[in-house]
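Undergrad: One-letter residues, chain by chain:
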Amino acid sequence: MSQALLTVIGEDRPGIVAAVTQALFTADCSIGDASMMRLGGYFTIMQVIDYPRDLGSVEMALDPAIKRLNLRVHLDPIPSVALSADMPNTRVTVYGADHPGIVAGVTGALAAIGFNVIDLESESSGSAERPLYVMVIQGYAPEGVESVRKAVAPLREREGVEIGVHPIEAAVF
Amino acid sequence: MAVLSILTYPDPRLQRKAEPVSVFDDDLHHFVGDLTETMYAGPGGVGIAAPQVDRPQRIVLVDVRPKLGENCHGLMVLINPELVAWEGMAVGREGCMSVPDFTGNVIRAERIQVQAQDASGRERSYECEGFEARAVQHEMDHLDGFLFLDRLVSRKIDLFRRKNYKK
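Keeping their order, the protein sequence lines are chains A and B. Per our numbering, the first sequence starts with residue 1, numbered consecutively. Per our numbering, the second sequence starts with residue 174, numbered consecutively.
Hints are computed from structural coordinates only; laboratory data are not their basis. Among these hints, one or two may not hold up.
What the hints assert, rightly or not - In the SDA-like style, the derived pairs of lysine to any residue whose C-alpha atoms are separated by at most 25 Å in a straight line are:
id	chain 1	residue 1	chain 2	residue 2
1	B	K240	A	D86
2	B	K240	A	K67
3	B	K190	A	V172
4	B	K190	B	Y299
5	A	K150	B	Y299
6	A	K67	A	P52
7	B	K240	A	E143
8	B	K240	A	V145
9	B	K240	A	Y140
10	B	K190	B	K240
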């Protein structure tokens, strides 16, 4: 088995996930980590797949779905990913009046302390006059949650946003 | 006392609904002793439910002292437990001895009042909050055949809840 990262983008409509995964199944692929969600009016899929033969046969299997649903598809072969990646230990939530520079400011402060972003989701909402931006970042802070609190503290005032920093602890029961 | 073996998902026995305890005898005391030892031997060591060791009875143990020190109820033996009141909601990441190597975000009540019997059949009532309340709710789910996997929420929903409830 070899691994590839599959990217799919198409105008959102019912049946995209079913068509793509059915095609992968018939091509003897298996699906690993996946992120599938609607962004704007588009549906996006990014997923790790294991494929048995060559990428050409994966593309061929996907072709009918690509044509029928007008999808754009991209396949990148990747070396098998080690599973030893850091687990998130910190969640950073940011919200405030939407304006340019929030993400750059926050992630810049995080990068400066070696914070590794593992997952970032954001959403612009609110009304046109009062746009609201909400972002949730999960990642690994090598020096712990306190270092993150210190790093983002100056941004509250500079960017005029609320920033929450929370430890992520998995309680095993 | 003995450390009992833990059933792990996808064992269908974890999905059975557990029966109420009606006999409070030496056998029950003995079992609660074994269950306690099994709990302390586990990776979390803060809670366990009888169905996890293949005994489909409504028995739950919680002891969050390893996590919170003395700032809690200590060892709670909850037999035939019922949630009589709850309030607040919080998202927290949970794992389970019966679901190794996996954790997920689950919404639980922040404060609960639980009514139960102890190993001798005496009525007991506890008010719990935060981590301890979460542990009790997690273990009580086992009595109805639920795992935390049945209560997972997406990160998006987590985010919406923050927007609606936190400020």
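Undergrad: Looking back at the numbered hints, which does the structure fail to meet, lowest number first?
TA: The structure conflicts with hints 2, 5, 10, although it agrees with all the remaining ones.
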